[in-house]
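*Asks:* Quick mapping for you: the protein sequence lines, in order, are chains A and B. Under my numbering, the residues of the first sequence are numbered -2 to 389, in order. Under my numbering, the residues of the second sequence are numbered -2 to 389, in order.
These are calculated hints, taken from the structure and not from any lab test. Predicted model only: the values in this text are computed from it and were never measured. A couple of the hints might just be wrong.
One copy or two, either will do: identical chains are not told apart, so a pair holds if it fits within one copy or between any two.
As the list claims (entries may be wrong) - 20 Å max Cα-Cα, derived SDA-like pairs, lysine to any residue:
id : residue 1 : residue 2
1  : Lys4      : Lys133
2  : Lys338    : Ile120
3  : Lys78     : Gly343
4  : Lys16     : Gly333
5  : Lys78     : Ser341
6  : Lys126    : Asp165
7  : Lys269    : His382
8  : Lys210    : Leu99
9  : Lys78     : Pro324
10 : Lys4      : Val162
11 : Lys338    : Pro77
12 : Lys269    : Glu379
13 : Lys78     : Glu344
14 : Lys269    : Glu244
15 : Lys126    : Ser236
16 : Lys78     : Asn339
17 : Lys78     : Asn328
18 : Lys338    : Val276
19 : Lys338    : Leu121
20 : Lys210    : Phe80
21 : Lys133    : Glu281
22 : Lys269    : Glu383
23 : Lys16     : Leu99
24 : Lys269    : Ala378
Number of protein chains: 2
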Amino acid sequence: MSVTAAKGFTAAGIAAGIKENGNPDLALVVNNGPRLAAAGVFTSNRVKAAPVLWSEQVLKGGQLTAVVLNSGGANACTGPKGFQDTHATAEKTADSLNSAGLDDTGGHSPGWIAVCSTGLIGILLPMDKVRRGIDKAVAQLSPHGGEKAAIAIKTTDTVHKTSVVQGDGWTVGGMAKGAGMLAPGLATMLVVLTTDADVDSDSLDKALRAATKVTFDRVDSDGCMSTNDTVLLLASGASQITPEYAEFAEAVRAVCDDLGQQLIRDAEGAGKDIRIEVVNAASEDDAVEVGRSIARNNLLKCAIHGEDPNWGRVLSAIGTTSAAFEPDLLNVAINGVWVCKNGSVGEDRDQVDMRYREVHIVADLAAGTETATIWTNDLTAEYVHENSAYSS
Amino acid sequence: MSVTAAKGFTAAGIAAGIKENGNPDLALVVNNGPRLAAAGVFTSNRVKAAPVLWSEQVLKGGQLTAVVLNSGGANACTGPKGFQDTHATAEKTADSLNSAGLDDTGGHSPGWIAVCSTGLIGILLPMDKVRRGIDKAVAQLSPHGGEKAAIAIKTTDTVHKTSVVQGDGWTVGGMAKGAGMLAPGLATMLVVLTTDADVDSDSLDKALRAATKVTFDRVDSDGCMSTNDTVLLLASGASQITPEYAEFAEAVRAVCDDLGQQLIRDAEGAGKDIRIEVVNAASEDDAVEVGRSIARNNLLKCAIHGEDPNWGRVLSAIGTTSAAFEPDLLNVAINGVWVCKNGSVGEDRDQVDMRYREVHIVADLAAGTETATIWTNDLTAEYVHENSAYSS
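Please take these sequences and the hints and turn them into a complete structure.
*Replies:* What follows is the structure in structure tokens.
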């Protein structure tokens, strides 16, 4: 059900011809109100794609009537022309929606329309195809269009990703794409979440930032940060119910967590999903720094691929951080076996069973009470293959 | 000629049986004076191997009579027993050298003997074999033993690495090992440099730090920092010549640079050597930060492996740094073709010839006049294979 699980939303996903292989490549999500509240979180990369620059501006008003997304081209590093194209995409979407007269939101304006793009960096979009695609998508808008929208934003994703959490009379749903360049703040991901809860944009913003901080921001598949990451949350208010903030925020977190897990499970070329749980840290920041350092250690990621519980590589990764710890108090467990105790050899590493896809590493810093969990993948020949051939 | 190119040094390299395959695994370098000055630079990893903790202490005196090195085991994360083993290794080396009575340095003391180890983390050394190996190495010490010493410190190195620079009547020579876990501050490298120049330990220290900062510290093959990195410089004074400091420092830099290049060329599984030159940075620190970020971008390293001039991945790596730059002023050249100009599409990427092993990336930050060069390698299926099978 994706973005159309919540009442008040319609969506479509179509093939506009941006992708040379003819696969679906343009998605549209429309908020039919009555409320038009929205919030967004964007990449922290300082090299931002044109659609990110555009959507960041648009979101300052706290209102969106629609989101138009394309795969097949990131429109990043495309200069002033790229930004003009993004602007033109929003204008065309507003015009096409207004011409269709499908809703009573009082008319669409480009300034209420977010644009998201994903694909190869440094290529201008074929705007004629984008314009015709927008007309086609508007014509196919449907309250059952969520799945098709989720399919149209795939790039190297092998599956489309959707999630829904039901509240008491209200719903949060969403779709995501992302398979490579998965890293914090955020991954190469486009995510659109919708809700029919009657929530204002400040509360949406607060709930969304709290959720992404502990979900998408802690998915670190390959340490590479994208230029296009966007996570949007739109509220239609169509349920006419305003949930308790904590209950609503938890639903948003749960949908983000589920989508984040789906991103990790579909990461390019990965054979293992690695859950790195840092415990007994002096601060949450320390726990995240240590988790990320472990997640980005290529040698460890290779070892996990080889089903080798090489805890020395965990310690060498911890040692590069500025977190509070004493080397001779560190403990490391891999799949439940404490292979490193007090910074030295612990239980028999031959007891570690690594045959399954999920691998669980616990790094005990013995320096406090804080914890954080970071997700990553192993490093495989398939990852190298996929990413050495992507743009050629 | 390696560490015995300079007068006043003897060396040996033998098979002590630490490696199960019977390859050479123990090296000894002895300074026969008359001067016994020394300096050292060590890993900045906070998880330090026992031999690093030992040698850091020993070097505080500014004097070394010998360095004993083993491959086949890093003696890292081995707790108090590991440190006792390092201490015992230095004691045994002093005893054996004193028993042999080969020199007139006034006798060897454990406190003047540095110990270096390399190999798998978390394994105690077979000390009986180490002790017997030390006796064997002392018996084979020779002013022509430099090559054998260089061979005995290899781990996954496919070739041994040596370098010599001649001054006016004096010499700087050295040997290095290192093929994986190559990263800054330093790489997984053991390096012993020797000179017969008559230089005091303060000048050695100054020259060595200046040299490693712009050579070994800028070799970043896989972003992984080791627990055992050690670079030592010993001066015998046997030439009885004290060169100008600048001339001496340049010779030390040249030897470090040559050995650093050899490390990159022999990096595990690598098919390309990538020279990342950051120019027009606001500061040298900015240039190094940007160079390192590019060097550690797995997606770019995969693209280079696929001979794909994917400059978008260079920009996305620059964008994650805190360096001074404006995204729309960035320029990137790959093998001489300015594929990115003003943050957008530049010259035709099809003009880029990437058939050769060396790849040259220039990142122009357009923010100042400083520059730095970082060396890295591509990411290959062979790297994954070597490092998924290393300890098993």
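*Asks:* Hint by hint, say whether it matches the structure.
*Replies:* Here's how the hints hold up against the structure:
no.: 1; hint: Lys4 to Lys133; verdict: neither (23 Å within a copy, 81 Å between copies)
no.: 2; hint: Lys338 to Ile120; verdict: between (51 Å within a copy, 13 Å between copies)
no.: 3; hint: Lys78 to Gly343; verdict: between (59 Å within a copy, 14 Å between copies)
no.: 4; hint: Lys16 to Gly333; verdict: neither (45 Å within a copy, 31 Å between copies)
no.: 5; hint: Lys78 to Ser341; verdict: between (57 Å within a copy, 10 Å between copies)
no.: 6; hint: Lys126 to Asp165; verdict: neither (42 Å within a copy, 71 Å between copies)
no.: 7; hint: Lys269 to His382; verdict: both (17 Å within a copy, 15 Å between copies)
no.: 8; hint: Lys210 to Leu99; verdict: neither (36 Å within a copy, 65 Å between copies)
no.: 9; hint: Lys78 to Pro324; verdict: between (53 Å within a copy, 15 Å between copies)
no.: 10; hint: Lys4 to Val162; verdict: within (13 Å within a copy, 76 Å between copies)
no.: 11; hint: Lys338 to Pro77; verdict: between (56 Å within a copy, 13 Å between copies)
no.: 12; hint: Lys269 to Glu379; verdict: both (12 Å within a copy, 19 Å between copies)
no.: 13; hint: Lys78 to Glu344; verdict: between (60 Å within a copy, 17 Å between copies)
no.: 14; hint: Lys269 to Glu244; verdict: neither (33 Å within a copy, 53 Å between copies)
no.: 15; hint: Lys126 to Ser236; verdict: neither (36 Å within a copy, 76 Å between copies)
no.: 16; hint: Lys78 to Asn339; verdict: between (58 Å within a copy, 13 Å between copies)
no.: 17; hint: Lys78 to Asn328; verdict: between (53 Å within a copy, 17 Å between copies)
no.: 18; hint: Lys338 to Val276; verdict: within (14 Å within a copy, 46 Å between copies)
no.: 19; hint: Lys338 to Leu121; verdict: between (54 Å within a copy, 15 Å between copies)
no.: 20; hint: Lys210 to Phe80; verdict: neither (28 Å within a copy, 41 Å between copies)
no.: 21; hint: Lys133 to Glu281; verdict: neither (47 Å within a copy, 52 Å between copies)
no.: 22; hint: Lys269 to Glu383; verdict: both (16 Å within a copy, 18 Å between copies)
no.: 23; hint: Lys16 to Leu99; verdict: neither (28 Å within a copy, 75 Å between copies)
no.: 24; hint: Lys269 to Ala378; verdict: both (13 Å within a copy, 16 Å between copies)
The structure is inconsistent with the numbered hints 1, 4, 6, 8, 14, 15, 20, 21 and 23, although it conforms to all the rest.
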